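Asker: Sequence:
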Amino acid sequence: MTENREKAIRRTKNLAYWFMGEMLKEEERGEKEKEAFEKAKETGELVMMISTAENNARVMKSCMKEAREAAEFLRDEKNDIEEWQLAGINAMFDQCNKENMVPYDMPTAIKGLLCMQYQ
Numbered sequence: 001m002t003e004n005r006e007k008a009i010r011r012t013k014n015l016a017y018w019f020m021g022e023m024l025k026e027e028e029r030g031e032k033e034k035e036a037f038e039k040a041k042e043t044g045e046l047v048m049m050i051s052t053a054e055n056n057a058r059v060m061k062s063c064m065k066e067a068r069e070a071a072e073f074l075r076d077e078k079n080d081i082e083e084w085q086l087a088g089i090n091a092m093f094d095q096c097n098k099e100n101m102v103p104y105d106m107p108t109a110i111k112g113l114l115c116m117q118y119q
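FYI, the numbering for the sequence shown is 1 to 119, going by this note's numbering.
Hint data in this document are derived by calculation from the structure and do not stem from the laboratory.
Any given hint could be a false lead.
[Claimed, not checked] In silico lysine to aspartate or glutamate, EDC-like type, Cα no more than 20 Å apart, as pairs:
hint : residue 1 : residue 2
1    : Lys111    : Asp94
2    : Lys65     : Glu54
3    : Lys13     : Glu77
[As the list claims (entries may be wrong)] Pairwise CB distance ranges (calculated):
hint : residue 1 : residue 2 : range
4    : Tyr104    : Leu46     : 32 to 38 Å
5    : Ala91     : Ser51     : 35 to 41 Å
6    : Gln117    : Lys34     : 33 to 39 Å
7    : Gln119    : Glu6      : 17 to 23 Å
8    : Asn100    : Met20     : 17 to 23 Å
9    : Glu54     : Gln95     : 29 to 35 Å
10   : Thr43     : Gly21     : 32 to 38 Å
11   : Asp105    : Glu6      : 22 to 28 Å
This structure is a prediction, so every number in the text was calculated from the model and none was measured.
Ideal placement from N, C-alpha and C gives every residue a C-beta, glycine not left out.
Work the whole structure out from these sequences, hints included.
Answerer: What follows is the structure in structure tokens.
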């Protein structure tokens, strides 16, 4: 296994772990919001709750699954992966580090670069 492949695997696993952490934060935020809503309802006044936590957690879970699938695909040495694909994946991570951001569609972009939709 090449150094570039190992680097791409490690980074993609870390991406899945990051999305897991974000998912858990959103779930916790949702629980706190529900508790605050229930407490506010006890006053007898009309209370409205709008929360994005549940949907955000669902999005993070989807991102986590896609990143995990990409990491497993990269790890399986039966899959023929070219150096240009690995260079592209690592370049995406380098650019995200430079911009200090993680796009939610990055796992999908990695899977696309690996042509996983044709597997």
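Asker: State for each hint whether it applies.
Answerer: Going through the hints against the structure:
With a C-alpha separation of about 17 Å, the suggested pairing of Lys111 with Asp94 holds against the 20 Å cut-off. The straight-line distance between the Cα atoms of Lys65 and Glu54 is roughly 17 Å, inside the 20 Å bound, and the hint therefore holds. For the given pair, Lys13 sits about 16 Å from Glu77 by alpha-carbon distance, which is consistent with the 20 Å threshold. In this structure the supplied range 32 to 38 Å holds for Tyr104 paired with Leu46, their Cβ-Cβ distance being about 35 Å.
For the pair Ala91 and Ser51, the beta carbons lie near 37 Å from each other, so the given range of 35 to 41 Å is met. For Gln117 and Lys34, the hinted distance range of 33 to 39 Å is satisfied, since their beta carbons lie about 37 Å from each other. Distance hint check for Gln119 and Glu6: the Cβ-Cβ separation is about 21 Å, which falls inside the suggested range of 17 to 23 Å. Against the hinted window of 17 to 23 Å, the Cβ-Cβ separation of Asn100 and Met20 comes to about 20 Å, which satisfies the hint.
The beta-carbon spacing between Glu54 and Gln95, approximately 31 Å, falls within the hinted interval of 29 to 35 Å. A hinted range of 32 to 38 Å holds for the C-beta pair Thr43 and Gly21, which are about 35 Å apart. Between Asp105 and Glu6, the C-beta spacing of about 24 Å keeps the proposed range 22 to 28 Å intact.
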